[in-house]
Amino acid sequence: MASVATDVAARPEQALVLRFTAAERVAHWVHFFAFTVLLGTGMFLYVPWFQPFALGASGEAARLAHRAAAVVFMAAPLIYLIWSPREFFYSLKESFSWGADDWGWLKNAWNYYAHGRTGTMPPQGKYNAGQKFNALTQIVTFWLFVITGLVMWFGRGSVPPDLFLLSVVVHDLSVIATVLLFMLHIYLVAVHPLMRESITAMFEGTVSEEFAAEHHGKWLTERVFRKRKDVKRQT
Amino acid sequence: MSQITLLVDASKCTACRGCQIACKQWWDLSATKTTQTGTYENPRDLESNTWSRITFHEYESGGKFQWLFLQSSCLHCTNAACVDVCPTGALKQNATGFVSFERDLCNGCAYCAEACPFGIPRMETINALTGEAKASKCNMCQDRVTNGMTPACVKTCPPGALQFGERTAMITKAKERVETLKARGYPEARVYGENELGGLRRMYVLTAPASAYGLPDSPQYPVLASAWQNVIQPFGYVATALAVVGLALNWVATRRSRLNHVESLAAPAPEAPAEKEEV
Ligand code: HEM
Ligand code: SF4
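For the record, the sequence lines run as chains A and B. Using this note's numbering, you'd call the opening residue of the first sequence number 1 and step up by one each time. Using this note's numbering, you'd call the opening residue of the second sequence number 1001 and step up by one each time.
Please note that the accuracy of each hint is not assured.
[Claimed, not checked] Short, incomplete list of chain B residues facing chain A, as computed with Cβ under 7 Å:
1) 1132
2) 1224
3) 1253
Bear in mind the hints are in silico, worked out from the structure with no lab data behind them. Heads up, the beta-carbon is just placed ideally off N, CA and C, and yes, glycines get one too.
Throw the hints in and build the complete structure from the sequences for me.
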């Protein structure tokens, strides 16, 4: 992270805007932590290469860790909801609002992310169409994970066998969907040259106004600046 | 290695339950406290410490009444769903065809118990909250048969209702016995397990339809288990591999276009208020 931090420090004259509240950042990293542990421990049962880790006591430990991480995984959105309900519902509403600019994002995405043609990209809200898609998938798969996971956890032997097997199938499909998005997510924040600054937002909460203008123009003008004007009017 | 089969001739079974006890004795399985519920059948279900038991059934057909007794236990399917879903290899198909079990390898996931078309494996639940458990089922006396002996139940059966040997010989015996039974007034006599699920290594001679013994008439490999093993899991690998290729292509494209952070900021920022404030 040091390199990103010094990046920002090297341009001290830049105005910073708050992109993610403390609640959002904590919930994000708790979710990230739980997800990676769930993925790591679940993989022992899924991937035959990892069979040595699935055996006997090691497999029992992995399954126990999977359950512990599942509790944390289920708690992460609650942290967000209770700590920062306003941002929670704002983000939720945003993720479900799709308009012309979102289809514009989809049309321009490859040109933008591969060739850096920024000109034709319509301005985006707090979340661009890709991030909204990620959020929606996370919401859907969250419930699928919780329901199927709890069926496998507590329904063993008491639910009809086909329901148990269906749960494993749906659990696995959710794993595949989230892993694909997770790979894309990691690539964009950690590897892609245009997006370097976005990860600062998740560590420090802020991004430069320039980054916000380029990547989330609509949000900057319609929410951040308007809020500032509200603040001014009050004082 | 030659293929083995345990032939259960239900028509010879007297329900003495010697096999039930021999199994417990050989495997050192604890006894279960049973209760009288109006039938000699006890315990009423397979348990993690009861791998085999005799079930009792009444059957009437063509004005003739029959007491039916059946040794109920793992059928040792050739196409064994339990083996396919087991993530540890605790359940394995032996080269001779039976399904062996290695308790130390089991991590308690219970996939086998849910996938078995006959509902055979039982979970010994150690802790329901943490999910700690061990599967258990008949392993065809894997230690005995791999050393040239017959399973303990076969060894003990007084009327010789249980036989153990090479599969084709057992099939021939079973068919001959069915003919004999038909001639002796059991028109519904049949072999169960010659072709079911690729061939059951515990094969039955029955004198009534399978369902009269509590067996499924046509057992099926569970569709969801094969979808999971043969479609979903491979799909996961392919999708992940494609994603890696896609991301690599994008990365190459960004190199080609010489994208970098500073250039990307060339776009003019929208009008912003002069002073800097915390939001
Ligand atoms: C509320 C959340 C979750 C719960 C309650 C849960 C619970 C479970 C349970 C009970 C199992 C069956 C194995 C066992 O008994 O230990 C399982 C398997 C698995 N879980 Fe989860 N899980 C959750 C979330 C996740 C997440 C987020 C991932 C990965 C991103 C994941 C990946 C897996 C995988 C790969 C398997 C193995 C499936 C297979 O064998 O094909 N789980 N989970
Ligand atoms: S009867 Fe059930 S436990 Fe036995 S081999 Fe067949 S699938 Fe496996």
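Hints versus structure:
1. 1132: 6 Å, holds
2. 1224: 4 Å, holds
3. 1253: 4 Å, holds
The structure is consistent with each of the numbered hints, conforming to all of them.
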